[in-house]
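Visitor: Protein chains in written order, with the numbering used here: chain Y, 1 to 317; chain W, 1 to 228.
Take the hints with a grain of salt, since some may be wrong.
[As the list claims (entries may be wrong)] Restraint ranges, calculated between C-beta atoms of paired labels, are given here:
#	chain 1	residue 1	chain 2	residue 2	range
1	W	Leu173	Y	Pro245	20 to 30 Å
2	Y	Asn252	W	Leu47	45 to 55 Å
3	Y	Glu122	W	Ala31	31 to 41 Å
4	W	Asp3	Y	Lys72	26 to 36 Å
5	Y	Leu270	W	Phe27	25 to 35 Å
6	W	Ala31	Y	Ala101	37 to 47 Å
7	Y	Gln47	W	Asp203	27 to 37 Å
8	W	Arg194	Y	Leu243	50 to 60 Å
[What the hints assert, rightly or not] DSS-like mimics (lysine-lysine), calculated; alpha carbons at most 30 Å apart, straight line:
#	chain 1	residue 1	chain 2	residue 2
9	Y	Lys30	Y	Lys72
10	W	Lys15	Y	Lys23
11	W	Lys188	Y	Lys30
12	Y	Lys72	W	Lys188
13	W	Lys88	Y	Lys72
Simulated from the structure, these hints should not be mistaken for laboratory data. By construction, the Cβ of each residue, glycine as well, lies at the ideal position given by its N, Cα and C atoms.
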Amino acid sequence: MKQQLFEQRHQQAWLRIEESLEKPIGNNSKILAQHYLILCQHLALAQERLYDSALTERLNNLVLRVYRELYKYRSETRLNAYAFFVRDFPLAIYRHRYFIAVAFLVFVLPGLFAGSWTYFDEEAVYTVLDAPQVRDVERMYDPAARKLGRVRTSETDIFMFGFYIKNNISIAFRSFAGGMLAGIGTLLVLFFNGLFIGSIAGHLTRLDFVDTFYPFVIGHGAFELTAIVFSGAAGFRLAYAILNPGQFSRLNALRQAGVDVIPMLYGIFLMLVIAAFVEAFWSSNASLPISVKYTVGAVLWALVLIYSCSGRRFESR
Amino acid sequence: MLDTRYRVEIPGGIKLEAQVVGPIPRFFAFAIDLVIRGILLFVLSLLSIPFGAFGLGGGFFLILLFLIEWFYPVLFEVFNRGQTPGKKVLGISVINDDLTPVTLGTSMVRNLLRTVDFLPLFYLTGLIAMVSNRRFQRLGDMAAGTLVISVRESARAAAVGNIVPLAPATTLLRAEQTSIIEFLHRSKQLSEPRQHELASILDGITHQKHENGVDRLHRIGAWFLGVR
């Protein structure tokens, strides 16, 4: 068939399909599928018969548009919150277990080191933090200041919530992204955050601010510290794909890693939102007795740890 | 050869083609988005100050700042056919490398990894990554398995007009016929001397010189196109 005849014969159909793509209501999947089949056939004919590039290009673009519409509503785009919470996230945690172990060590070892150093050596904290930072931290957790009645209003709670969201989640995202630099970025973020947190804890323990510091951090720490370790693990997952792609090309290994880490990213994000919420509205509440803070904190830690270990049964063998 | 065509075989048994887009349109799209984000943040900061810079207003501002910093592209890519406003202006769009629409997951991976592509400054890493592979993928695109393609409609072939078709004296292969049709369609984009030059290559078919050659070729093209 000559090209012109082909075009004349199907012009109306193509215009109709183009029109239906413009209006969102017209995209029910049955009609889309019909359009898709018709267009595929036309494009195949046009390619086979070597019609000129203007026509094949037009058909190609039309198929591409219909194809994108058709695949817009895959189940993947509709997040199944229940399945994610019960299965996908724990399973992803299980599959990342070695990376989590590495991230844990990179985070906790510098923390322990810095903690014990600042605990025994008064000056040590100044090697990690500068003097104004140390003063700020001391003021925040000074039991004497607490008794003077520094009461936070709900307004400042919301401000701090925003601050924790922005600050902490950005750190976690950066720690993940650092995996692309063969893991060096992740390593640095984890290492220095461990160092930072450890030296603050050690320093405050030495000053005997125990009863203000630990009840404050224990609650949200369950979510925050765990999520930081998870974000490091996700970063190391990428790094591992780059450094040791195995039997895949580096690019394909990286792509697979990119797919694997997606549930981790969702989970990390949610955990840090919870952490920010707990930190702003629960941890900061100084009127509650310490025993309640510790009990709730311990329960939260237990829940997070049990949950994190619940993914193994979903691994198919 | 620098070929920006990207081919995928899709269900339906055909090879679908897309044009991947390089750094320059992507830079302009990013710049437009940057301006939009800047204006957005400016307006938000003005709105939040009456509610307390270190209270309610400040808190919400920080949350929005965080969301705009990390999720502005994600939101648009997932819910607006892979296009942030800047990409829409430039007629480009983010898509999975099997040419299906980006999902929340892939969009998040590619946009969280922006931080790395930005290093050490002004997306230098991303630029180097982009120009060193055929698909113009920055690092985030590689990990997410995404591409940026052109979705701008190419110009339709103009109507042929009143050309009296002419059957060629010789038999031609299909590919040769198509080239002559293409010549007919594209003549308006070519200068006249260039048209003559191209037509003179085929004087064995047209048996004519100069203007007559071009004219003859157009008529043969119309014949192959199916004008009767």
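Visitor: None of the hints should be skipped; say for each whether it holds.
Guide: Consistency of the hints with the structure:
1. W/Leu173 <-> Y/Pro245: 20 to 30 Å: violated, 45 Å
2. Y/Asn252 <-> W/Leu47: 45 to 55 Å: Holds, at about 47 Å.
3. Y/Glu122 <-> W/Ala31: 31 to 41 Å: Violated - the Cβ-Cβ distance for glutamate 122 of chain Y and alanine 31 of chain W, about 51 Å, lies outside 31 to 41 Å.
4. W/Asp3 <-> Y/Lys72: 26 to 36 Å: holds, 28 Å
5. Y/Leu270 <-> W/Phe27: 25 to 35 Å: holds, 34 Å
6. W/Ala31 <-> Y/Ala101: 37 to 47 Å: At 43 Å between Cβs, range holds.
7. Y/Gln47 <-> W/Asp203: 27 to 37 Å: At 31 Å between Cβs, range holds.
8. W/Arg194 <-> Y/Leu243: 50 to 60 Å: holds, 53 Å
9. Y/Lys30 <-> Y/Lys72: The given pair, whose Cα atoms are some 14 Å apart, holds under the 30 Å limit.
10. W/Lys15 <-> Y/Lys23: This hinted pair holds, its Cα atoms lying about 27 Å apart.
11. W/Lys188 <-> Y/Lys30: Roughly 41 Å between the alpha carbons, so the hint for lysine 188 of chain W and lysine 30 of chain Y is violated.
12. Y/Lys72 <-> W/Lys188: violated, 39 Å
13. W/Lys88 <-> Y/Lys72: The given pair, whose Cα atoms are some 18 Å apart, holds under the 30 Å limit.
When each numbered hint is compared with the structure, violations occur for hints 1, 3, 11 and 12.
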